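K.L.:
Let's have the full structure, built from the sequences with the hints guiding it.
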Amino acid sequence: MKRMKILAYPYSVWMAIFIVVPILLVLLYSLTEGDIRNLAELRFSTQSYERVLEPIYLKVIVNSFILATLSTLFCLLLGYPVAMIVARSNPKVRGMLLMFLIVPMWMNFLLRTYAWMSILSPNGFLNRLMDLLGLPRLEIMPGKTAVLLGMIYNFLPFMILPIYTVLSKIDKQFLEAANDLGANNMRTFFKIILPLSIPGVVSGITMVFLPAVSTFVISGLLGGGKTPLIGDLIEHQFMWEGNWHFGSSLSIILMVMILISMAIMSRIDRNGQQEKNGQSKV
Amino acid sequence: MKKTAVRIYMGLIFLFLYAPIIVLIVFSFNKTKSRGQWAGFTLDWYAELFKDRLITEALYYTVIIAILATLISTIVGTISAIGIHYMKGFSKNLLLNVNNIPVLNPDIVTGVALMTLFLSAGLRLGFVTMLIAHVLFCIPYVILAVLPKLRQLNKHTAEAAMDLGATPSYALRKVILPEIRPGIISGALMAFTMSIDDFVISFFTTGNEVSNLSILIYSMAKRGVKPTINALSTLMFVTVVILLLIINKRSEKGEELLL
Amino acid sequence: MKRILVSVFTVVVLLTMALTMSGCGNKVVLNVFNWGEYMDKSLLDQFEEQTGITINYKTYDTNETMLAKLEAGGSSYDVVFPSDYAVSEMIRKDMLLPLDFENIPNFKYVDDRFKNLEYDPENKYSVPYFWGTIGILYNEDMVDDPVDNWDILWNPKYAGRILMKKDVRDAMGASLKRLGYSMNSTNDEELRQAQEALIEQRKLVAGYYGDEIKDLIANGDAAMGLTYSGDFMELYWDEDADFSHISFGVPREGTNLWFDTVVIPKGCKYKKEAEMFINFLLDPDVAYQNAMTIGYPSPNTVALDRMRQEEPEAFELEAFWPDDEIIERSDVYVDLGEYKSIYNQLWTEVLVD
Chain H
11 MKRMKILAYP YSVWMAIFIV VPILLVLLYS LTEGDIRNLA ELRFSTQSYE
61 RVLEPIYLKV IVNSFILATL STLFCLLLGY PVAMIVARSN PKVRGMLLMF
111 LIVPMWMNFL LRTYAWMSIL SPNGFLNRLM DLLGLPRLEI MPGKTAVLLG
161 MIYNFLPFMI LPIYTVLSKI DKQFLEAAND LGANNMRTFF KIILPLSIPG
211 VVSGITMVFL PAVSTFVISG LLGGGKTPLI GDLIEHQFMW EGNWHFGSSL
261 SIILMVMILI SMAIMSRIDR NGQQEKNGQS KV
Chain D
3 MKKTAVRIYM GLIFLFLYAP IIVLIVFSFN KTKSRGQWAG FTLDWYAELF
53 KDRLITEALY YTVIIAILAT LISTIVGTIS AIGIHYMKGF SKNLLLNVNN
103 IPVLNPDIVT GVALMTLFLS AGLRLGFVTM LIAHVLFCIP YVILAVLPKL
153 RQLNKHTAEA AMDLGATPSY ALRKVILPEI RPGIISGALM AFTMSIDDFV
203 ISFFTTGNEV SNLSILIYSM AKRGVKPTIN ALSTLMFVTV VILLLIINKR
253 SEKGEELLL
Chain W
204 MKRILVSVFT VVVLLTMALT MSGCGNKVVL NVFNWGEYMD KSLLDQFEEQ
254 TGITINYKTY DTNETMLAKL EAGGSSYDVV FPSDYAVSEM IRKDMLLPLD
304 FENIPNFKYV DDRFKNLEYD PENKYSVPYF WGTIGILYNE DMVDDPVDNW
354 DILWNPKYAG RILMKKDVRD AMGASLKRLG YSMNSTNDEE LRQAQEALIE
404 QRKLVAGYYG DEIKDLIANG DAAMGLTYSG DFMELYWDED ADFSHISFGV
454 PREGTNLWFD TVVIPKGCKY KKEAEMFINF LLDPDVAYQN AMTIGYPSPN
504 TVALDRMRQE EPEAFELEAF WPDDEIIERS DVYVDLGEYK SIYNQLWTEV
554 LVD
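Residue numbers (my numbering), protein chains in the order written: chain H, 11 to 292; chain D, 3 to 261; chain W, 204 to 556.
None of these hints come from the bench; they were simulated from the model.
In this text the structure is predicted, and so the values were computed from the model without any measurement.
Watch out, some of these pointers could steer you wrong.
Just the calculated beta-carbon pair ranges, DEER-fashion [said to hold, decoys possible]: (1) H:Tyr19 x D:Lys53: 24 to 30 Å; (2) D:Ala123 x W:Asn390: 44 to 50 Å; (3) H:Leu63 x D:Lys157: 46 to 52 Å.
Covered stretches of chain D, as calculated for chain H (at least 3 residues, CB under 8 Å) [unchecked claim]: (4) 51-62; (5) 134-148; (6) 220-227.
Each residue gets a CB set at the ideal place from its N, CA and C atoms; glycine is no exception.
P.N.:
So this is what it looks like as structure tokens:
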């Protein structure tokens, strides 16, 4: 089976060209100053990195991590049951259910976010509904709650799909055996289902957390721009300020921080794997 | 009791997912261009839709790029995921981490960096560069979707098949692929989703000939996004739903097609 | 399943080929790059019919993305529509071709007030396309003070119901002007004061938005917001909805006069045809039709007179036709040069609390 690994070689070359080279370029920008369009004139400088350390930028980075973590957590809490329900549903409706979970994401992102604004804004649909019901109005937008909601909305399907795919295949025999042996539902879930689904959960977390950290339009539109996130700052540097050097060092710092958290994640993942192997030997 | 709870929960999730879609559809029938008021029912935006040469052109490229990017990235991503799965140690970790970079990088960084790369390689920006960019950010999602299924794979099945005389490619097609199919399909779905909705990376990697719907829609922001776009989205949505229902009706084995 | 995939693939490949092939040939194709929804598109057909030149029309969302794209090169555009400060930045970066006014005889129709402005002092590179001011869009039902000064955006009475423009030049500009300084100030002390005022204002501001302010005010989500006169004109011309309670105030202290212009960037392949197109846009009939569609005042005198006959009420509006006094006290943005990053830094500090 070792021979199978050659299947990853073409993609490795592709990644070297289209991912690594551009990242080296970003790294180069982050470590230099001068006119970016003239490579010969770039001078080495750590100025951009020094600037990242200013408290104001650290604050933005911390804010982004908090919001991304929260939205990942909520996606997991909301999405896991959905994945389980779909996995256990009648095979005939399963495909439909899955498709209908992702189809909303095919509508344009900006339109969907504008629609959320119409729903959540002070005089929006939600508050008019509250008025009708005689309930007090909610002050969600602009604010962090609305940003969080928008993020959960946009990333939820990316949590559900990978978890669903692993759950769909967990041997029914396991579950039946567990029941026969007198395990109650809770026990079956925590001892069997959850550990077996860890690979899916890890993929889901990766696909939600990583883009969530660097997201940018949502915070502007639903948060009223009062809590800029790191994605906003990077976009601002590249586009508005035209300072590719600082923008690059912000993204390099972001990348390093994420890779560290991913390393921690993969440790959890490995433990999960061991547990799984332990289980399947039983 | 439990069944009702499940129904209610799924109902709420679908309400959450579709609430903005409903709002978006409602505004496609609104007489005024402003989202700030309901000024009465109209079908004008639908009529205008077919007169707008920019919209039809952008729609065309959006769909073509999304389909091509999905096909390519699903095939490449699945094959690569299998390769990565059978790798070990440092090289595996390295590949996985590099694979994550397009997912975590802000779009603007990917877009600008790719643009610089294409230009310094002397490529003309256009359809091909935009397609490469889309394939680039779609593959990681396919790999992330397929890997968990590979981990579930019983290590010994493929080996047993090969012991019984199956060639590796036969084992791959007949043993591994069917097992990881749900992963491949969800990977393809995610790739399509990412591609159809991308604005920033597309903007920077395309040239003056090719544009997509996202570019068109974002560029309308300054003067207000016209409800023709809502009308278009409504039509796209309805088309997708109808297609899904037909597929489901026609193939009794609907589950086999989709899972 | 496989058969479906294969047939989809074939169709896609064939269609792609068909489309790329059709792009070849020796016809002159003029690449026009404009803001979205910023031209009456039937005029494109009209130009194509008149001249036999094909127009490839693409759109962008901000001056900045357009600049980034043009600077990078890789694809050429023949006609672009940058705003004032972007024009001066493009001149500084040597990105524009001087226009040959011999080929643009219709330039004579342009109001003399809009020639030789600060962003293009000798008027070598640009032709004005539309113009307007920035000011305060407000809901009459929610505001009972006169909206004719910048101070109202700092009035605690409206705490939580004020929207600020999420744009460094507009926000800093409003703050500078309120303190009696130029919107192009490069005096560190003045800038510091302006920033301080913006930080103080932050607690009153419900949110910092861009193009969405118009819809938020129209929906009654906020009482007032800093925005372009054009945004008000959008609501004003709306025949189907009733936005009579929405008004637009231009501060007496003076404001920003903005211009969107037409230029020819370097790398243009068909300069003569591009100038033909610019000349076409300045044709009184065309300019009139375009201005009536877009709803902004035309810099074209003949077209403007016809608009005045057609829509006399619009000329009573400050948003459409501000007083000469206000115009006199107003500034046109110029490229800030190295002060651009200082402005940005100050503004970032305002946003991140």
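K.L.:
Please go over all the hints and tell whether each is borne out by the structure.
P.N.:
How the hints compare with the structure:
no., hint, result
1, H:Tyr19 x D:Lys53: 24 to 30 Å, "violated (50 Å)"
2, D:Ala123 x W:Asn390: 44 to 50 Å, "holds (46 Å)"
3, H:Leu63 x D:Lys157: 46 to 52 Å, "holds (47 Å)"
4, 51-62, "violated (count 0)"
5, 134-148, "holds (count 6)"
6, 220-227, "holds (count 3)"
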